[in-house]
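*Asks:* In the order they appear, the protein sequences are chains A and B.
For what it's worth, the numbering used here labels the leading residue of the first sequence as 1, then goes sequentially.
For what it's worth, the numbering used here labels the leading residue of the second sequence as 1, then goes sequentially.
Some hints here could point you the wrong way.
[Stated by the list, open to error] For the chain A half of the interface with chain B, some residues (derived, Cβ under 7 Å), not all of them:
1) 2
2) 32
3) 39
4) 46
5) 50
6) 67
7) 72
8) 96
9) 104
10) 107
11) 109
12) 146
13) 147
14) 158
Hints in this document: simulated from the structure, not taken from any laboratory.
Beta carbons are placed, not taken as given, at the ideal position from N, Cα and C, and that holds for glycine.
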Amino acid sequence: MLQVIVFLIAAAIVLVGAGGVIFARHPVHAALFLIQTLFGVAVLFLVIEAHFLAAIQVIVYAGAIVILFLFVIMLLGVDRSENLRVEPIIGQRQLAWFTGASILGLLLAIIYSVDGATGFQSSRSALDRLGVDGEPLPDVNQLAESIFTDFVFAFEVTGLLLTVAVVGAVVMARKISGELQPLPDLPERRVSRAADAADPTADDAVVDAEEA
Amino acid sequence: MDLVLTPTWYLVLGALLFSIGAVGLLVRRNPLVMFMCVELMLNAVNLTFVALAWGLNDIGGQVAVFFVMVVAAAEVVIGLAIVVAIMRRRQDATADDLSVLRG
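Input sequences plus hints: build the corresponding full structure.
*Replies:* Here it is as structure tokens:
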């Protein structure tokens, strides 16, 4: 019963946060709503005793990924609100809602058609693999054992993936020397406003560098 | 009333979260917010994986979530690098402007 109550509260937090992400006009607000959702998911992980993943969820998602989002938003000065009523492609919004409703309907149909047939054991409270002392092993032990035996090759490839991602990010975010060619049909007004917003930070960076 | 938490509750919540993320991805035009919607969808899948790992008593689901998180981190790094590269040349680009990326 307690599990159900915690689940319902966390689910409400998650869904409100998710709604906030897609309806917030301001990207910063969307990022903050995303943090709310991610924390809710971490609570949901805790309810079903995925303790390690709950910790990783908070550290990696809320601590690193969302901060990266906020950092880019602040860095680029794109923290302007978006007018959600503007619709460049006619009928895109209706089509998007229709698509979302279709996906939801399909997923729910799948869930209810396989429910009960998959051998769920509803009242199970833990992954009850037993250790040498007869106590159930904590999830982190089981996870580590699985990753470093069955999935060790995938784990190594993951390291390679992260290295490639870091190198790629450095290559793409590097300042390109020489004059940048303007992109086609550049709107004048936006550029000047953006340049005004970007200049002070650039000056600060220079001052900081000199002081250091 | 004796309610028992079953993986089905998690699957339904995951389906809802995935749909919300999909709608957001299609509706929003700011590339950063679109990335956030992708994160929502990835979290919905993670929720499903963990719920099934719990329901079927198999740690493999949690291992899958571990790898999904790593791939999500890599994806965000690369995606934001692309956004930074685009925005440096044109401020407040929307997803529609990213058609300049075509070959």
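*Asks:* So, for every hint listed, does it hold in this structure?
*Replies:* Verification of the supplied hints:
{"no.": "1", "hint": "2", "result": "violated, 9 Å"}
{"no.": "2", "hint": "32", "result": "violated, 10 Å"}
{"no.": "3", "hint": "39", "result": "violated, 11 Å"}
{"no.": "4", "hint": "46", "result": "violated, 10 Å"}
{"no.": "5", "hint": "50", "result": "holds, 5 Å"}
{"no.": "6", "hint": "67", "result": "violated, 11 Å"}
{"no.": "7", "hint": "72", "result": "holds, 5 Å"}
{"no.": "8", "hint": "96", "result": "holds, 3 Å"}
{"no.": "9", "hint": "104", "result": "holds, 4 Å"}
{"no.": "10", "hint": "107", "result": "holds, 4 Å"}
{"no.": "11", "hint": "109", "result": "violated, 10 Å"}
{"no.": "12", "hint": "146", "result": "holds, 5 Å"}
{"no.": "13", "hint": "147", "result": "holds, 6 Å"}
{"no.": "14", "hint": "158", "result": "holds, 5 Å"}
Hint check: violations occur at hints 1, 2, 3, 4, 6 and 11; the rest are consistent with the structure.
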